[in-house]
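Protein chains: 2
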Amino acid sequence: MLERARFLDAGDPLREFRDRFMLPDGVIYLDGNSLGCLPKATPARLEEVVREEWGRDLIRSWNTAGWIDLPARVGAKIAPLIGARPHQVIACDSTSVNLFKLISAALAMQPGRKVVLSEPGNFPTDLYMIDGMERQGLAKRRLAERGQLIEALDDSVALLMLTHTHYKTGETFDMAELTRAAHDAGALVLWDLSHSGGALPVDLDGCAADFAVGCGYKYFNGGPGAPAYAFVAEKHLEAARQPLTGWMGHAAPFAFSDDYEAAPGIEKLLCGTPPILGLAALEVGVDLIAEIGIDRLYAKSQALSEFFRQCLSERGVAIDLVSPTDPARRGSQLSFRHQDAYAICQALIGRGVIGDFRDPDILRFGFAPAYLRFEDMAEAARHLAEVLETGEWQRGEFQERAAVT
Amino acid sequence: MLERARFLDAGDPLREFRDRFMLPDGVIYLDGNSLGCLPKATPARLEEVVREEWGRDLIRSWNTAGWIDLPARVGAKIAPLIGARPHQVIACDSTSVNLFKLISAALAMQPGRKVVLSEPGNFPTDLYMIDGMERQGLAKRRLAERGQLIEALDDSVALLMLTHTHYKTGETFDMAELTRAAHDAGALVLWDLSHSGGALPVDLDGCAADFAVGCGYKYFNGGPGAPAYAFVAEKHLEAARQPLTGWMGHAAPFAFSDDYEAAPGIEKLLCGTPPILGLAALEVGVDLIAEIGIDRLYAKSQALSEFFRQCLSERGVAIDLVSPTDPARRGSQLSFRHQDAYAICQALIGRGVIGDFRDPDILRFGFAPAYLRFEDMAEAARHLAEVLETGEWQRGEFQERAAVT
Numbered sequence: 013m014l015e016r017a018r019f020l021d022a023g024d025p026l027r028e029f030r031d032r033f034m035l036p037d038g039v040i041y042l043d044g045n046s047l048g049c050l051p052k053a054t055p056a057r058l059e060e061v062v063r064e065e066w067g068r069d070l071i072r073s074w075n076t077a078g079w080i081d082l083p084a085r086v087g088a089k090i091a092p093l094i095g096a097r098p099h100q101v102i103a104c105d106s107t108s109v110n111l112f113k114l115i116s117a118a119l120a121m122q123p124g125r126k127v128v129l130s131e132p133g134n135f136p137t138d139l140y141m142i143d144g145m146e147r148q149g150l151a152k153r154r155l156a157e158r159g160q161l162i163e164a165l166d167d168s169v170a171l172l173m174l175t176h177t178h179y180k181t182g183e184t185f186d187m188a189e190l191t192r193a194a195h196d197a198g199a200l201v202l203w204d205l206s207h208s209g210g211a212l213p214v215d216l217d218g219c220a221a222d223f224a225v226g227c228g229y230k231y232f233n234g235g236p237g238a239p240a241y242a243f244v245a246e247k248h249l250e251a252a253r254q255p256l257t258g259w260m261g262h263a264a265p266f267a268f269s270d271d272y273e274a275a276p277g278i279e280k281l282l283c284g285t286p287p288i289l290g291l292a293a294l295e296v297g298v299d300l301i302a303e304i305g306i307d308r309l310y311a312k313s314q315a316l317s318e319f320f321r322q323c324l325s326e327r328g329v330a331i332d333l334v335s336p337t338d339p340a341r342r343g344s345q346l347s348f349r350h351q352d353a354y355a356i357c358q359a360l361i362g363r364g365v366i367g368d369f370r371d372p373d374i375l376r377f378g379f380a381p382a383y384l385r386f387e388d389m390a391e392a393a394r395h396l397a398e399v400l401e402t403g404e405w406q407r408g409e410f411q412e413r414a415a416v417t
Numbered sequence: 013m014l015e016r017a018r019f020l021d022a023g024d025p026l027r028e029f030r031d032r033f034m035l036p037d038g039v040i041y042l043d044g045n046s047l048g049c050l051p052k053a054t055p056a057r058l059e060e061v062v063r064e065e066w067g068r069d070l071i072r073s074w075n076t077a078g079w080i081d082l083p084a085r086v087g088a089k090i091a092p093l094i095g096a097r098p099h100q101v102i103a104c105d106s107t108s109v110n111l112f113k114l115i116s117a118a119l120a121m122q123p124g125r126k127v128v129l130s131e132p133g134n135f136p137t138d139l140y141m142i143d144g145m146e147r148q149g150l151a152k153r154r155l156a157e158r159g160q161l162i163e164a165l166d167d168s169v170a171l172l173m174l175t176h177t178h179y180k181t182g183e184t185f186d187m188a189e190l191t192r193a194a195h196d197a198g199a200l201v202l203w204d205l206s207h208s209g210g211a212l213p214v215d216l217d218g219c220a221a222d223f224a225v226g227c228g229y230k231y232f233n234g235g236p237g238a239p240a241y242a243f244v245a246e247k248h249l250e251a252a253r254q255p256l257t258g259w260m261g262h263a264a265p266f267a268f269s270d271d272y273e274a275a276p277g278i279e280k281l282l283c284g285t286p287p288i289l290g291l292a293a294l295e296v297g298v299d300l301i302a303e304i305g306i307d308r309l310y311a312k313s314q315a316l317s318e319f320f321r322q323c324l325s326e327r328g329v330a331i332d333l334v335s336p337t338d339p340a341r342r343g344s345q346l347s348f349r350h351q352d353a354y355a356i357c358q359a360l361i362g363r364g365v366i367g368d369f370r371d372p373d374i375l376r377f378g379f380a381p382a383y384l385r386f387e388d389m390a391e392a393a394r395h396l397a398e399v400l401e402t403g404e405w406q407r408g409e410f411q412e413r414a415a416v417t
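Chains as they are written, first to last, in my numbering: chain R, 13 to 417; chain P, 13 to 417.
Don't read these hints as lab results, they were simulated from the structure.
Predicted model only: the values in this text are computed from it and were never measured.
Be aware that a few hints might be false.
As the list claims (entries may be wrong) - Here are the simulated EDC-like cross-link-like pairs (lysine to aspartate or glutamate), alpha carbons at most 20 Å apart as the crow flies:
no.: 1; chain 1: P; residue 1: Lys52; chain 2: R; residue 2: Glu60
no.: 2; chain 1: R; residue 1: Lys152; chain 2: P; residue 2: Asp271
no.: 3; chain 1: R; residue 1: Lys52; chain 2: P; residue 2: Asp69
no.: 4; chain 1: P; residue 1: Lys126; chain 2: R; residue 2: Glu60
What the hints assert, rightly or not - Now the stretches of chain P that chain R is said to cover, found in silico as 3 or more residues with beta-carbon under 8 Å:
no.: 5; region: 41 to 50
no.: 6; region: 66 to 72
no.: 7; region: 136 to 143
no.: 8; region: 270 to 279
no.: 9; region: 362 to 372
All C-beta atoms in this analysis are idealised placements derived from N, C-alpha and C, irrespective of residue type, glycine included.
Only chain R is shown next, with the shape it has when bound in the complex (with noise of 0.2 Å):
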């Protein structure tokens, strides 16, 4: 397996961009869907913001280094990576906090309207968010299993609030299906590519999604915590108004006038100062994905799942694989379902592979394509397979939780 390997890595068409990342020796990193790996251009360009731009320049960099057009910079180039035009896309805040503001966009258009329709099992704080706003009195949450999404699509839904590939599962979501049928029905749809940006094909525009949320540390290399990504469809720019309305967001933030007059465009969902560290690292994750192309990383990605798919059933290894085993249908990861997700997790990392666990019982691998090979599949599935040969994970060290899992 690890010849054949080798022979794919030397025909990738991408190999050279590996070498773009800092990767810890010993480590093969399958997690780059949870936090992304550090691109080796960001700790020069986060040097230059903070002792030219921040120290040398001081105030002045709100012009001239361009502070100020930061997060529309960020969000135009993430744009074209997610069927969006740049206008249209704005980088700032977190995913929850942008989740917050799109919610109530979309409650705002839908007078007489309050349902917020998700499935149960999303990513938590998308259904937390709406939690939030249940309890203002301003939503009205309902959960529908992904097979009954679409009859449970009544004349009180405002809202479909989808993530486009499942945190847990890696299943995707048909999103012109799902966003034509919340069309027919009347609502709006909210789109969170928090596990598709940067990695696999969304065509926003092509499919007329309403909104959108992403995530930046993730397949975009942002770094830890990096600001979030919201998009808003060209349709519902003027109309649209979120309550998270801080100085930033205003058409004129350096009036300084008492009272809040909306910015025209997708500014409207700033809200306070906008975070230039992360901004500046995340422009560097961004650029280097826009770089390699979403269409070159996705068919990577299918190439390397199914490679760590059938390096697992030469290896006879058993486990009962969650995610969908159409390539199409899923994310860039593949899950699997054991009681002792999270012990085996701990050995593995034990061994350097570093997958992550998720409550309660699921094991999850992520094949960032921008800089993981076929020999790292080859040996993940080695390691696997013996950790599950060996019953190491079995040994109590394995076994303690840390505080985040």
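With the hints as your guide, set chain P onto chain R.
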């Protein structure tokens, strides 16, 4: 004057701290109340966070580098600097977003009352955040001039929300008096400490304040767009509920349950994934301010601004001071009114004296006591006198407005 300034500098107990900041050559920086200077320790700390914690240790750093505790750790360090106990303060999001959380929390605790009372001319984002909630039907904004605030406190007022040190004039409120008056009227109080924290003593617990927010990038020197902080009085920690119910504010974020349950303590104010780069830089700035000590900073701040006024007076500069003449009634700044404030500000910048302009006619000088010298005061006063005498600010090059003013 320069000799007297140097004499004062020689006796300044904080003089060695200037060397702990990067200060560009040829610049007298009187805008540390807009963006604080770069602590020399910050680049190395960021380099460590980026290359080692992110680049080398990757996802494990959430546990091993304590990333998950960073918002509470930085909050706990800010707490004693604002008269709070460590478990009452957390560093997260922007000042604007934190205002939203705490205004909402206060309104939810005051059934039957919807009015949020503030003053016209408060920092715009504070007023705008009420506007957003008003449009949702959750709040009603009322503004009263500062002399009329106490009589405006009727039984419809849920929350009195004020900025302790005014961003334009530098005038401070009597926090104890206003808080008492609000409580007497059955209202809660939220203090915005953006222009106070890190420069002057604040005694939140001593004044029985209910809520507070503040800024990380001014006197705390946390860098452009640094995370902000939020305070909740211990007596409200259990009952307070805020609507930005993201996963990081959950009692058990990594249980990944479908339903939100607020964390029991100050962590309930968290929403999305914390911005690690920003928090790490902020921590360096906060550590440095804590090392110097607020009382010493405040004493020097008063001495600096009084000396600046003496220098202007001895030079016969007649410009309208809008800040209180009593240093005990103002923050660490002096503001002047002039119809050509913008151009004068630009002419001073042309001479290396960086103050700032606030629409429409305010020339503002901030005196960050951690790194400024009395010599800087004497020189800045000389430049201001010369600019006004020569009329050089009337040259065309100083008239053109930049995007950020």
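Cross-check of the supplied hints:
Under the criterion of a C-alpha separation no larger than 20 Å, the hint pairing lysine 52(P) with glutamate 60(R) is consistent with the structure, at around 14 Å. Using a Cα cut-off of 20 Å, the hinted pair lysine 152(R) and aspartate 271(P) holds, with the two alpha carbons roughly 13 Å apart. Distance restraint check for lysine 52(R) and aspartate 69(P): the Cα-Cα separation of roughly 15 Å lies within the 20 Å cut-off, and the hinted pair is therefore satisfied. Distance check on the hinted pair: lysine 126(P) and glutamate 60(R) sit about 47 Å apart at the alpha-carbon level, beyond 20 Å; violated.
Beta-carbon proximity to chain R at under 8 Å applies to 6 residues in the region 41 to 50 of chain P; the threshold of 3 is reached and the given coverage holds. Only residues whose beta carbon comes within less than 8 Å of a beta carbon in chain R count, and the region 66 to 72 of chain P has 7; three or more means the coverage holds. Counting residues of the region 136 to 143 of chain P whose beta-carbon sits less than 8 Å from any beta-carbon of chain R gives 6, enough to reach three: the coverage restraint holds. With a cut-off of 8 Å between beta carbons, the region 270 to 279 of chain P has 3 residues touching chain R; three or more are needed, and the interface restraint holds.
Coverage of the region 362 to 372 of chain P by chain R holds [criterion: at least 3 residues with CB-CB distance below 8 Å; count 4].
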